[in-house]
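> The chain contents come next:
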Amino acid sequence: MKIRGLGNRAFQFAAALATVALAACATPPQEAEALKEFREANDPVEPLNRYFFDVNNFLDKLILKPVTQGYLLLPDGPRAGVTNFLRNLDGPVILANDLLQGKLDRATITAERFAINTTIGVGGLFDIATDAGIERHVEDFGQTLGYWGASEGPYLVLPLLGPAPPRDLVGRVADYFMDPLTWVAINSDERWVAPVRFTAELIDFRARNFDEIDKIEREAVDLYARVRSAYRQSRADDIRDGKGGPLVPVPQISITDEAPRKVSQGD
Amino acid sequence: MIRRAATGLAGLWLLLMAAVTGAAAPNLNTQDAASFIQSLGEEAIQMLSDKTLSEKDRLLQFRTLLHAGFDMKTIGRFTLGRYGTRASNAEVEEFQRLFDEYVVQTYASRLGQYSGEKLQIGSARKDETGDILVGSEIVPREGPQIRIEWRVRGEPGKFRIIDVIVEGVSMAITQRSEFSAVIQRSGGKIDGLISELRRKLPPSY
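Residue numbers (the numbering used here), protein chains in the order written: chain S, 1 to 267; chain V, 268 to 472.
This is chain V alone, in the form it adopts within the complex (with noise of 0.2 Å):
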């Protein structure tokens, strides 16, 4: 009886560790979060390749593909660094909500460039922090290619971009150290950041 309940637990034990290993097995999640770098790759292409869509249409199909492959929120925590947890929750949603307008506006211009490049995905690797790295090259039609990795977070189904890092430079990074400085000057508070930005943007924000 003990003997039986002993090996009993001893194959749980066995298929519970199966079953641990596999789920911390890097390749399966690695390989998700790069094939969700790519289709998001492909869909982009798409859209800046289609020239028959008017440069409002391929604004607002720009929109909607940044909500649905980055996490905005994050990035744009991220950005305020300690500052964001000393703003009050109505300043950090302005925040919130003039940062994604300014991400959107910023690569609004560059959207109608779009020459023949084409996303090649590299290697993915899970990064210590849990977070996974998805490595690329932009390539163009002649001229040197372009490193970019991708920092994505989640797991199947539910991945989002919170960085990307071209050939070694942080967007994210780079942003905080930028949004840093102006809260600074505006004696740590984010309402200058706030007006800051605001003053990029059409005057309908």
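Just chain S, same shape as in the assembly (with noise of 0.2 Å):
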């Protein structure tokens, strides 16, 4: 009853984001070379994706940022507490993709770690295992839907979520719904539990990024184009587990800057 409700709501928003989308839609250049390099960027809601980056660019100035300041003036030792306590909250998802994707020496390690964390480490507050040298990774339903070939999609950012191109926006709600901690919300008529979770990991990432997010705030000279590339790029790279990936050509020149080698594009 409460699922259909969602979806309900789901499928209100969704109906109505894509009528803005249509009407937000970048018209297609027509020169060849633009037009190529159009598809390449894969970012046919630009105006709209640039609107609800502004709104969680304002929003974070607005709420965020000043929260996450005041969040700032604990001691470390609480704060690396509540970072490993989210952290291990991502156990059990972590360990179903893991699986989902046939990686049992990593399934295994992710399983130790919850166990090790939850116990010893007292619900997840001390992140024991990695001092123990087990270390941590992450999956996650998007990486999975890749690493079994699905492509990312057109990019996408949502108020509130970020940049969610389609897999992974189908990715974050298959993971909502298998995580454990879900059901025991529902049955136990928690509702608070899943938007205080989601606070807590946007303050938690704030916090741990801060200085750097200014930094970048900063220097940049289109930050929405830095961060749909760096999102990407990132992302494709947790799907290859770090392992190394293909490169994009460089063009030869030399010391004397003669006309440079056609280069491929690449995102």
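These aren't lab readings, by the way, just hints derived from the structure by calculation.
Errors might be hidden in some of the hints.
[As the list claims (entries may be wrong)] Just a sample of chain S residues kept apart from chain V, beta carbon distances all over 10 Å, derived:
# : residue
1 : 71
2 : 75
3 : 99
4 : 151
5 : 221
6 : 224
[To be verified] What the simulated footprint calls covered on chain S by chain V, stretch by stretch (three residues with Cβ under 8 Å from a Cβ of chain V suffice, anywhere in the stretch; the number is not a length):
# : stretch
7 : 30-39
8 : 225-233
Where a beta carbon is used, it is the ideal one built from N, C-alpha and C, also for glycine.
Dock the two chains into a complex; use the hints.
What follows is the structure, encoded as structure tokens:
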């Protein structure tokens, strides 16, 4: 019943979004080279994406950043505890996706980490496993889809969620439903769990990257384009589990600066 | 006579083959590239941890190190993508000058933050493009390590870095995406990017 309610609202939201998206569609350029570039950017709803990106940035300055500044007044110890606790909660979902990708070694690591940190690490507040040399890795259903060959799809930015191209958006929804914590919360009618966890994750992330985010914002000549490119590359790297990917050719030019060779474009 | 010539030729052939395969042996150049990164890293750490340096001197040293280690022209060219071929020489030159300074200023704000991180060089491999990728990790005093790959071009004595790939994110590609977006917004002309870069720099540029 609850889930149907949720699905209904999600559907309405998606329908409304699709309408706006169609209206906000960028017109493909005419010129051949420009058209090629347009397709490679794979960002057909860029104007809408940029709008949501700005909205998210605005909300960051209005709420998230000031809240995080307050949170940063806490000493390192408690904050590390929060990070560890939130990461430990991800354990079951990471384990499920390790298994869905058939990576038994990594699944074993995730299971060990979860067992150790939940017990000796006092419910996940302490990352004893890392201290013992059992290092953390992340998997999610978006990565699982990518691992089995699903392409990312056109770039998409959503309010509050940030970058969420179709593959990763589907992944997030799937992760939510495969998480045991979701079902515990639903069955015990504790509706606060999901939003509180989401908010805590936002603040934790913002706090861990506070200075770096400020710097990037100051440096960037087009923050949206920078984030789009970095997001895609970073996801591709996650899917490869950090193992080297193909290189984009960088044109040869000599010190005398002759005409560069043709570069194949890639994002 | 002919036979001797033939064996002589065969000998020469063998010698040549040995020379060719020797030159193509991957570990020779890749090892050199790895030690190039190693020594560049050591120099950088020495500069960063020298607390007696004034901020100005440190920036000066950083600039020297950047130009000794990085092929800024190739990187700049790459970040312009297809727009670089259309722009006039004067425009490209002006862009290169500003891009160089932009990179210096960008990293200048990070120079004071050194807190004992170490650079651990990993394995190096030659890519199909002919460039050498040197793997490394930045190891902080505590917390997770950061995986960095250095894309190196050239030969021993003349190595230059043409890209830095941090946790799978190529700085050159990211920068090119960003610059392309700015150029597109100004109707495909790089003077839009030039004025944006100028806006990010102190007024003297």
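> A separate judgement is required for each hint: does it hold in the structure or not?
Status of the hints after comparison with the structure:
1. 71: 18 Å, holds
2. 75: 15 Å, holds
3. 99: 23 Å, holds
4. 151: 17 Å, holds
5. 221: 4 Å, violated
6. 224: 7 Å, violated
7. 30-39: Per the Cβ count (3), the hint holds.
8. 225-233: holds (count 6)
Consistency note: the structure conflicts with the earlier hints numbered 5, 6.
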